Structure formats: structure tokens, C-alpha cells
Amino acid sequence: MVEIATQLWGGFLVAFEPLNLMLIILGCTVGLFIGAMPGLGSVNGVAILLPLTFLVPPTGAIIFLAAIYYGAMYGGAISSIMLGIPGASTAVATTFDGRPLAKQGMADKALTAAAVASFVGGSISVVLFTFFAPPLAHVALTFGAPEEFSLMMLAFATFVGLGGDDIPKTIFSICIGLALSAVGLDIISGEPRLVFGDIPGFMHGINFLVLAIGIYGIGEMLWTVEENYKAGGKSMLSDATITVERTISNLRELLGTWKTAVMGSFLGYFVGILPAAGATPGSLMSYGIAKQISKDPDKFGKGAIDGVVAPESANNAASTGSMLPMLTLGIPGSPTTAILLGGMVIWGLEPGPRLFTDHSDFVWGLIASLYAANLFAVIINIAFIPAFIWVLKLPFTLLAPIIFLLCLIGGYAPTQDMHDVWLMLIFGIVGYLMRKLDYPLAPAVLAIVLGPLAEPALRQSLLISNGEFSIFFTRPYSGPIMISALILLFLPVLAIVWKRIKSSMAKA
Amino acid sequence: MRKAELAMASVMGIFSLYLMWKSAELPIGWIAGEGPGGGAWPFWLAAIMFICCILIIVNWVRRKSPPSQSEETFMDQGTIIAVGLVAGSLIVTVALFYVVGVYGALPLFMIFYVRFLGRHSWPVTATMATVSPVLTFFFFDILLKITLPKGLPIIEETIFYPLFKIFL
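Top line first, the protein sequences correspond to chains B and L. If you're matching positions, the first sequence starts at 1 in this note's numbering and goes up one per residue. If you're matching positions, the second sequence starts at 1 in this note's numbering and goes up one per residue.
Calculated from the structure, these hints are not laboratory results. Keep in mind that this is a model prediction, so the values were computed, not measured. Please note that the accuracy of each hint is not assured.
Claimed, not checked - Derived lysine-lysine pairs resembling PhoX-like cross-links, with alpha carbons at most 20 Å apart:
id	chain 1	residue 1	chain 2	residue 2
1	L	K165	L	K150
2	L	K165	B	K436
3	B	K436	B	K302
4	L	K150	B	K436
5	B	K499	L	K64
6	B	K259	B	K299
7	B	K499	B	K230
8	L	K3	L	K64
As the list claims (entries may be wrong) - Residues from chain L that keep clear of chain B, each with C-beta distances beyond 12 Å, as calculated:
id	residue
9	I31
10	E71
11	I91
12	W122
13	L152
14	I154
15	E157
16	F160
17	Y161
18	P162
19	L163
20	F164
21	F167
We put the beta carbon where it would ideally sit given N, CA and C, even for glycine.
If we strip away everything but chain B, and leave its shape as in the complex, we get (with noise of 0.2 Å):
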């Protein structure tokens, strides 16, 4: 323990250098712009900005590629609350109520909630990554294939049991959404596979982001306009304010979601580590294990506070988890981490167990820098919070044609390809038209992200079993996920068993 206190004292010092902590805070805010814009995520603004960090040395390039990870983690809740377009696949649990409050003009207190709850999540997993770091990288290593499929199952099991929605058109929605995750080359024999009408656009699969945009971004807006008609052209995206004394009572409102932000941040940190899982699916889950244990569950969905806490606590742990497998074992626990561990080979520093021994200075100025990074990120995040409240409150018909621009390029960004672009208005009309009957739409988007795992995960297991399904149900850690899935899966069934037998007791 006293060993581990020397070296992050150590990286504290070089985490501080005068140019380190330029980086830190330069990061940071750059980071929290690309996270902000629908289509742009961490994976884009590590990507982009790798070629700039070899003007530095490694240690202050790695620092400032985490800066920019940590900076669009906090920025990735800010499309979400703002305009209801999840800017990474990370922040699609904090539409769900991030919106809403946003729309009952608190966004000021959303936007701080989720700054607040990132910074929990990042400090907590960053300790747990300072003290734990091996042990921890084992346990994830004896996650298989079937594990992988039952957390997967329980990510959509919460959708159905604790949605509140109608079922059948939640499973359909679940469904179609992992049927246009499969769209493309099969993975296995490599195949084409779903490519509507021969259309080669089709051949590299539909882009999470296509999808996300089109159901959030045009098909949300399109909704927005037809209130707007209705109300005469005077609804407005969000009527926020921010006063000293706003931002006062939001602060200490927060004070009472501490055991959402503690348990977002453990259950985030551990899935971050999880090869291939990450922190999408942490957030989702952190978000229905929030509403499970909430004593008031209706109120999620409609704008409760605990919603954006539970998920964006979650998203940045995992953040921090995903960094765990990259330096301990060299397998990158995210797309990010994974631009992170290419810098690092880069630089010629091998991934591994023996990094902490080779260069320690360099993995804990990591560490420090993490420290650092996150508090700026907070303070950064909730001093532009003012300036994103002034944007809302711009008029509708100035706001809508920006959010339009910013999706029909968002849409185009991530592939540079039309096919997408058109793709994302037919998206957009449908989920539209489809919304207005009430199919809920979020568990396609979070089937997009997650069907490119599961259904690998899926296949393996089965090989691995030889056709037999009792795999997912024999092993120590994938038993009980998957009975724990299929419990929440059957709720709403129970739930109406239950009912008949009580109301069938009570008239005998």
C-alpha cells in the first residue's frame, strides 16, 4: 500500500509538470466539444488528434489522449440532455431522463447532475484502478463467450421487465434492431448477409450512429415540430434558467442520489474491464439496476434525476475500467482503448504486466493524470454550462436548422458515405411515424450497439457447446446472469400471473 502511495505521489509529480497539465486541461476541453457533437464520440477525437501527440513526449501524449477520452465521456451527456441525440452509444441511457428534465426546463439540473455523477464515477473507479489493478484484470480474463451473452441478455431483459412499455412492441423493437446490426458481411464465413436490393452501401453494415441519429436526431426534431404546430410555434427545445441559487438547491438535490452514483460506479467500472462489453452496456444496465432499486421506479423515464445519475456515473467508470486490460494485459477494453494501446505501440511502449515494471513513471503519471483530468473535466464542464443553457434558449426555428445540419453531417462523418445520410432520414420518417404509435425506440438503438457482440458471443458459445443452450446456465458466472435475464425478461408475465391469482383470491 505504501509502495503504491510512493509511485502515485511519483506520477502525481510528473502528472503536474507544467506542460503535462497544459495537456491535461487542453484535452480535456477539446474533448468535451468533440463528445458534444451528435456523430463525434471519443473514438473520433482520439482518432483525429493522435497524429498532434507526437509533437510531445509519450508520457504527456498518453495524458492528453486520456484528457480527450475523459473530456467526451463528460461531453457525450450533453447532446443527450440538450438536444435528445445521444452523441456516443455511452450516453444512450442519459436520454432517457436527461430529456425530459431537460424538457421540464431543469436542463441546468441535468446537465450538472451528469457532471457531478461522471466526476463520482471517474474518481471512484480511478482509486479502485490505483489499488486493484491485477487481480481485477484476472477475474475479467475468465469472462467467455457465454458470460459475454448472458450479460448481453440481461442488458435487454431490463428493457423488457422494467420498461413499462408495450411489450410485444419492445421486443420488436429489440429484435429489429439486432437483425439491422447483422446487415452486412456475416463475421464468421464472411459472407454478404441482409444486403437489401444488391445496394453496396449495405455491404459495410449500418453504422450504431446512423440509426441513432436518424430515431433521436431528425425523428425527435420532427416530433418537436409537429409540437410546435400544435402549439402555435411556441414550444421551445428546453425553457431553462441557471442562477447561483438554481445551481445551490441542484447540488444538494444531488447529495440524496449518492448510493445511485456509488453503485453506477462500481457496476461501470466492472463491466468497463470486461473485454469487448465496455461502457455502453454498463450505463444501460446501471440504468435499470437504478430503477429496480428506486423507491419511486414511474417517475424513470419521465425526467428522475437518479436516471442521469445511475448512467453517466457508469459510463465514465467504465472509462477508466476499459484502460485496465489495455496496460495489464494489452487487450483493449473499447474502440478508444484500442486507438490508445496503437499510440502506446507507437510509442514503444509494450502493453502488458511488465509495463508497470519497465516504465513506471510513465503508468502512474497515467494514473495522476486520470486524477487530474477528471477534476478539470468537472470544473470545465459545469463552467460551460451556462453557455450551453443560452444555446437552448435560442428560438425553435433558429435551434431546429442547426440540429438538422449537425445531423445530416453527423450522419455522413463516421462512414463519408450518402448511403448512410439517406438511410438516416428513412430511419428518421419511420421511427418518427412509429413513435407517434408508441413502439418505444431506445431498445433498438442499444440493439444496434450491442448485437455486434452478441451475436459473435452467441455463435462461440454454441460451437464451444455444441449446439447445447445449457452452456449459458452450467458456468459459475454465466448461470446466474442468465437466470437473473430470464427472471426480469418473464417479469411482466409474472407480474399479470400474480394479478389474476390475487384478484381470483380475493373474490373466493
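Start from chain B and add chain L according to the hints.
Leaving out everything else, chain L in the frame of chain B:
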């Protein structure tokens, strides 16, 4: 609303059947040594989607879901015009990307939306129509090096090549 609920469930049901048929282009059964065939996963998902559509129609007949009980019109004429104008202008804007590029289509979209739908003054319209493409250009094309569509080659050659020479 009732008719729309039935129509949507039917269209999605047909789409599910199409997906099942399309998935079956790849093997949907078990392949020895390879596990489930490439089409199995989407095939069974589409089958579940189809069952869900039938359940939605059953709920419609029994008037169980809120849209199947509602007597409201799905979209009145005013809504169709308001939403249709916005959706239509987006489709036209994307189509114009091929001809005049993003930087030609965006100002036109801004003028249409801000001036004609939003009824803002000409100075506000002009500011939006000039500032938004300029900021977009510097952020995406120059800073992030994400090249947005420029339209016909002649536009790219005469306008953007000189700009890239200056800024890149």
C-alpha cells in the same frame, strides 16, 4: 389512430417475413464444425419480430393498446403540412449534396427554414446562411479533415482546391 396502428403492424409484419426470406439466403441450420449458419441469427430474430406483429394485431382487435383505443386522427392536415415541409426540405437538401455539395445546399436549407418556416428577418437569415457553412467547413474539412461532399467536380476544382491550398 386505429387504422395507423393496424397499418404499421401489417407493414412491419410483411417486413419481418421479407427479413426471414432474405436471411435464408445463407444457411440457417447447424453446420458441423462451424456452429449455427450465418443466416440463423437474423432468421430467428425476424421470426420473433413476426410473432410480435401478430401479437400487436391481436391487441388491436381486443383494443388493448392505447393507439388501438384512440379515436383521434393519426395526423391532421396541418400536422402533415408542418412535418411534411420539414421532412421534404431535408430530402431536397440531401439530394442537392450531389449537385451543389454540402456548402451549396446548407445555405439554401437555412434560407428556407429560417426565412420561410421561421419567418425571421433577412439579416438573421443571411447571418445563419453564411456563418453555418463557414464554421462547418473550418471544423470538419480543415480541423478534423473529414471531407464533406462537394457536389459536381467543377465546384470542387474551382472553389475548394484553392481554399485547401490556403488552409491545409
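Hint check:
1. L:K165 - L:K150: With Cα atoms ~16 Å apart, L:K165 and L:K150 stay inside 20 Å; holds.
2. L:K165 - B:K436: violated (49 Å)
3. B:K436 - B:K302: holds (17 Å)
4. L:K150 - B:K436: Violated, at about 36 Å.
5. B:K499 - L:K64: Given pair B:K499, L:K64 holds - Cα atoms ~17 Å apart, limit 20 Å.
6. B:K259 - B:K299: Holds. B:K259 to B:K299 sits at ~17 Å (cutoff 20 Å).
7. B:K499 - B:K230: violated (39 Å)
8. L:K3 - L:K64: holds (14 Å)
9. I31: violated (9 Å)
10. E71: Given that every Cβ of chain B is farther than 12 Å from that of L:E71, nearest at about 15 Å, it holds.
11. I91: L:I91 not clear of chain B: closest Cβ-Cβ about 6 Å, inside 12 Å.
12. W122: holds (14 Å)
13. L152: holds (14 Å)
14. I154: At about 19 Å from chain B, L:I154 clears the 12 Å cut-off, so the statement holds.
15. E157: For L:E157, whose nearest Cβ neighbour in chain B is about 20 Å away, the distance exceeds 12 Å, so it holds.
16. F160: L:F160 clear of chain B: closest Cβ-Cβ about 15 Å, beyond 12 Å.
17. Y161: Its Cβ never comes within 12 Å of chain B, the nearest being 19 Å, so this holds.
18. P162: Holds, since 22 Å exceeds 12 Å.
19. L163: holds (18 Å)
20. F164: holds (16 Å)
21. F167: Fine: 16 Å to the nearest Cβ keeps L:F167 off the interface.
Of the numbered hints given earlier, the model fails hints 2, 4, 7, 9 and 11; all others are met.
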